[in-house]
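*Asks:* This is what each chain is made of:
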Amino acid sequence: MAETLVALKGLTVDFDTGKRVVRALHGIDLDVAKGEALGLVGESGCGKSVTWLAALGLLAKSARIGGEVLLAGRNLVGAPMAELERVRGRRIAMIFQDPSSSLNPVHRIGRQLGESLALHRGLDGAAAQAEARRLLDRVHIADAARRLGDYPHELSGGMNQRVMIAMALAGQPDLLVADEPTTALDATIQAQILELLGELRRDSGMALVLISHDLGVVAENTDRVCVMYAGRIVEDAPIDTIFGAPTHPYTQGLLAALPELDGPRRPLVPIAGMVPEPANLPPGCSFAPRCERAIADCGRSTPVAAELAHGHRVACIRASEARA
Amino acid sequence: MTALLEVSDLVRKYEVRRGTWPFGKGATLHAVDGVSFQLDAGRTLGLVGESGCGKTTTAKLVLGLVPMTSGSVRIAGEALPAPGSMEWRAMRRRMQMVYQDPLGALDRRLSVGRQVMEPLAIHGIGMASGRRDKALATMDAVGLASHHFDRFPHELSGGQRQRIVLARALILDPQLLVCDEPISALDVSIQAQVVNLLLDLQQRLGLAYLFISHDLRMVRQVSHDVAVMYLGRIVEQGDPGRLFAAPAHPYTRALVSAIPVAKRGRRRRLVLAGEPPNPVDRPAGCAFHPRCPFAIERCRVETPALRELSDGRRAACHLAEELPKSLAA
Numbered sequence: 001m002a003e004t005l006v007a008l009k010g011l012t013v014d015f016d017t018g019k020r021v022v023r024a025l026h027g028i029d030l031d032v033a034k035g036e037a038l039g040l041v042g043e044s045g046c047g048k049s050v051t052w053l054a055a056l057g058l059l060a061k062s063a064r065i066g067g068e069v070l071l072a073g074r075n076l077v078g079a080p081m082a083e084l085e086r087v088r089g090r091r092i093a094m095i096f097q098d099p100s101s102s103l104n105p106v107h108r109i110g111r112q113l114g115e116s117l118a119l120h121r122g123l124d125g126a127a128a129q130a131e132a133r134r135l136l137d138r139v140h141i142a143d144a145a146r147r148l149g150d151y152p153h154e155l156s157g158g159m160n161q162r163v164m165i166a167m168a169l170a171g172q173p174d175l176l177v178a179d180e181p182t183t184a185l186d187a188t189i190q191a192q193i194l195e196l197l198g199e200l201r202r203d204s205g206m207a208l209v210l211i212s213h214d215l216g217v218v219a220e221n222t223d224r225v226c227v228m229y230a231g232r233i234v235e236d237a238p239i240d241t242i243f244g245a246p247t248h249p250y251t252q253g254l255l256a257a258l259p260e261l262d263g264p265r266r267p268l269v270p271i272a273g274m275v276p277e278p279a280n281l282p283p284g285c286s287f288a289p290r291c292e293r294a295i296a297d298c299g300r301s302t303p304v305a306a307e308l309a310h311g312h313r314v315a316c317i318r319a320s321e322a323r324a
Numbered sequence: 001m002t003a004l005l006e007v008s009d010l011v012r013k014y015e016v017r018r019g020t021w022p023f024g025k026g027a028t029l030h031a032v033d034g035v036s037f038q039l040d041a042g043r044t045l046g047l048v049g050e051s052g053c054g055k056t057t058t059a060k061l062v063l064g065l066v067p068m069t070s071g072s073v074r075i076a077g078e079a080l081p082a083p084g085s086m087e088w089r090a091m092r093r094r095m096q097m098v099y100q101d102p103l104g105a106l107d108r109r110l111s112v113g114r115q116v117m118e119p120l121a122i123h124g125i126g127m128a129s130g131r132r133d134k135a136l137a138t139m140d141a142v143g144l145a146s147h148h149f150d151r152f153p154h155e156l157s158g159g160q161r162q163r164i165v166l167a168r169a170l171i172l173d174p175q176l177l178v179c180d181e182p183i184s185a186l187d188v189s190i191q192a193q194v195v196n197l198l199l200d201l202q203q204r205l206g207l208a209y210l211f212i213s214h215d216l217r218m219v220r221q222v223s224h225d226v227a228v229m230y231l232g233r234i235v236e237q238g239d240p241g242r243l244f245a246a247p248a249h250p251y252t253r254a255l256v257s258a259i260p261v262a263k264r265g266r267r268r269r270l271v272l273a274g275e276p277p278n279p280v281d282r283p284a285g286c287a288f289h290p291r292c293p294f295a296i297e298r299c300r301v302e303t304p305a306l307r308e309l310s311d312g313r314r315a316a317c318h319l320a321e322e323l324p325k326s327l328a329a
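Residue numbers (this note's numbering), protein chains in the order written: chain A, 1 to 324; chain B, 1 to 329.
Simulated from the structure, these hints should not be mistaken for laboratory data. From a predicted model like this one, the values you see are computed outputs, not experimental measurements. Just to be clear, a hint being listed does not mean it is correct.
Claimed, not checked - Facing chain A, a subset of chain B residues (Cβ under 10 Å, in silico):
{"#": "1", "residue": "Q160"}
{"#": "2", "residue": "D187"}
{"#": "3", "residue": "D215"}
{"#": "4", "residue": "P276"}
{"#": "5", "residue": "V280"}
{"#": "6", "residue": "L306"}
{"#": "7", "residue": "R307"}
{"#": "8", "residue": "S310"}
Said to hold, decoys possible - Quick look at which bits of chain B chain A covers, simulated, 3 or more residues with Cβ under 8 Å:
{"#": "9", "segment": "252-261"}
{"#": "10", "segment": "295-305"}
Unchecked claim - Simulated restraints on C-beta separations:
{"#": "11", "chain 1": "B", "residue 1": "K13", "chain 2": "A", "residue 2": "P105", "range": "28 to 34 Å"}
{"#": "12", "chain 1": "B", "residue 1": "K13", "chain 2": "A", "residue 2": "G198", "range": "55 to 61 Å"}
{"#": "13", "chain 1": "B", "residue 1": "S310", "chain 2": "A", "residue 2": "A256", "range": "34 to 40 Å"}
{"#": "14", "chain 1": "A", "residue 1": "A279", "chain 2": "B", "residue 2": "V11", "range": "48 to 54 Å"}
{"#": "15", "chain 1": "A", "residue 1": "D240", "chain 2": "B", "residue 2": "W88", "range": "52 to 58 Å"}
{"#": "16", "chain 1": "A", "residue 1": "Q172", "chain 2": "B", "residue 2": "Q38", "range": "53 to 59 Å"}
{"#": "17", "chain 1": "A", "residue 1": "S100", "chain 2": "B", "residue 2": "W88", "range": "34 to 40 Å"}
{"#": "18", "chain 1": "B", "residue 1": "L199", "chain 2": "A", "residue 2": "E3", "range": "49 to 55 Å"}
{"#": "19", "chain 1": "B", "residue 1": "K13", "chain 2": "A", "residue 2": "D124", "range": "48 to 54 Å"}
{"#": "20", "chain 1": "B", "residue 1": "G312", "chain 2": "A", "residue 2": "G311", "range": "47 to 53 Å"}
Using N, Cα and C, we set each Cβ at its ideal position, and we do this for glycine too.
Whole structure, please, built from the sequences with the hints as guidance.
*Replies:* Given below as structure tokens:
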């Protein structure tokens, strides 16, 4: 097992809505190893983005964060702003779904890249321009020198996402958190961006956390997957296990609900019901009301994640039966 | 037998100006450029392609929501009446549209029941009490309970809202539903519920669907026939099983190979260089040739026509029969 880079221990997030406090994240335990590619999947509102926004202290003030985020032995939760700012971008960089709203529309690409180079690497003037050009080359933007003078609206969505990746690379981070990086892009452009992320990871050895609602995207680009449901990790396993022998009923349900592109057409098996609201979770296992295998005990207490095999954790009291 | 929907040589052009007003030259944007297809009652035609390829414009042209530049649309043998006319309004009863974002398609200040009944009032069908019963029956058919009748859209989940939109479209007993990305805004576990509902309704009511989506897997799941569009034209059309298993057009190949698969076993991927060109700058010859790894000289000069191949499908590519079988280019 490679050395751990970031460890989340019992990470919780509570949002204060003014009327009451709603818990969005119920204790996330997650290790990211150096150079690892980890996928985080789940439906909207399951907490996959909030996990990393909380870890980097990027949530609004109404959010109360508990637990620990350990980076090289230092806890980032409650750390002073100066320390967080040394981590963001420099050790852990993050890119988001919609690149054009992450870029400043009134500044040229070159200036925005130069800003992160000045901040993280202390470069300015000609050195920053040269490095910015090298970064655009690195993300395969043709004619990089000229593109530095372009504004974001002059570039397409795919190109803007490449610029965002170049900005993330400016700090030479150890971990890149990509939050639905291709969701807003067309299929052929998505393939280009995912290929680029894989290539950068192989060359630089940085770790990647890929947040996605698309199991296919995660399957092809990561080694390990955590499936999240209603603010908890319900299954954490190597990619072959998730797709070959999924154990949590929710993971099984997600896979059965997906159509395939080859083989005979089979009827889709939807998961009954809908995702509960964070303010209104059922007692016990949050998935129990939608679960076909639920028994009375499922509604009594929240299942604790147990290790079934090496590197395979499942939070389901019937997990060992399911496997048999 | 006459097809329910027969579209031939549909064209929609927009006059645009290149550059900043008042400078720049006039130019023509071909949003839809000679699209023809047929759809029989009770069948589904899937329309796929990337953003800006003309899928949605085609759908709106079919319903007369966007006036066409030229071409013809025939519904059960009759030409589509002039949009806005009385005849067109009567015709629209038989053809309804379902949009991607249900919250945007619903009125937040009207109760679910009011919205589902509204089409009956617009078309002057039935009496008030009968309308309520009809609405409840339609809501039941799409899996909504009677207690949803007095609720408001924001009180329901995304999947339920899409069911309201469906109920509102179905209350007029249409023959054709044009579904523009009907499930893209929904979560994976809910998408399967809505797709199964669409298939079930088709079986029970004999509906025809024009199903627009960028999700090839869902399109394969629901369609009897699939058309792939690129820059306003159909580049390949045929049976979904064959089309996705062995695409004939290089663009279809790239689309299919761009889909990440959940099953392990990474395939060789045909990653296209570049991005779709601006429809104003439609490349000469085959519009796809600048991105095509197989392009030859002829592709730069001569626009390939959509022609029938030996296995019954249609493709617009000079090299359709000669391309290497493996995906690696």
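*Asks:* Take the hints in turn and mark each one as holding or not.
*Replies:* Here is what the structure says about each hint:
At its closest, the beta carbon of Q160(B) sits 8 Å from a beta carbon of chain A; the interface hint therefore holds under the 10 Å criterion. A distance limit of 10 Å between C-beta atoms decides the matter here; for D187(B) the minimum to chain A is near 4 Å, and the interface restraint holds. This hint holds: D215(B) has a C-beta 8 Å from the nearest C-beta of chain A, less than the 10 Å allowed. Taking 10 Å as the C-beta contact cut-off toward chain A, the hint placing P276(B) at the interface holds, the least distance being around 8 Å.
Nearest Cβ of chain A to the Cβ of V280(B): about 15 Å, over the 10 Å cut. The hint is violated. Restraint check, L306(B) versus chain A: the minimum CB separation of about 21 Å is more than 10 Å; hint violated. For the restraint placing R307(B) at the interface with chain A, the shortest Cβ-Cβ distance is roughly 24 Å, beyond the 10 Å limit, so the hint is violated. At its closest, the beta carbon of S310(B) sits 22 Å from a beta carbon of chain A; the interface hint therefore is violated under the 10 Å criterion.
For a cut-off of 8 Å, the count of residues in the segment 252-261 of chain B with a CB near a CB of chain A stands at 8, and the three-residue condition holds. Only residues whose beta carbon comes within less than 8 Å of a beta carbon in chain A count, and the segment 295-305 of chain B has 0; fewer than three means the coverage is violated. For K13(B) and P105(A), the hinted distance range of 28 to 34 Å is satisfied, since their beta carbons lie about 30 Å from each other. A hinted range of 55 to 61 Å is violated for the C-beta pair K13(B) and G198(A), which are about 41 Å apart.
The given range of 34 to 40 Å is respected by S310(B) and A256(A), whose C-beta atoms sit roughly 37 Å from each other. Separation of A279(A) from V11(B) is about 52 Å and conforms to the stated range, judged on CB atoms against 48 to 54 Å. Between D240(A) and W88(B) the beta carbons are some 56 Å apart, a value that agrees with the proposed interval 52 to 58 Å. Checking the proposed 53 to 59 Å range against Q172(A) and Q38(B) shows it holds: the Cβ atoms sit about 57 Å from each other.
About 38 Å separates the C-beta atoms of S100(A) and W88(B), a value consistent with the hinted range of 34 to 40 Å. Distance hint check for L199(B) and E3(A): the Cβ-Cβ separation is about 50 Å, which falls inside the suggested range of 49 to 55 Å. A hinted range of 48 to 54 Å for the beta carbons of K13(B) and D124(A) is consistent with their spacing of about 50 Å. For G312(B) paired with G311(A), a C-beta distance near 49 Å keeps the hint of 47 to 53 Å intact.
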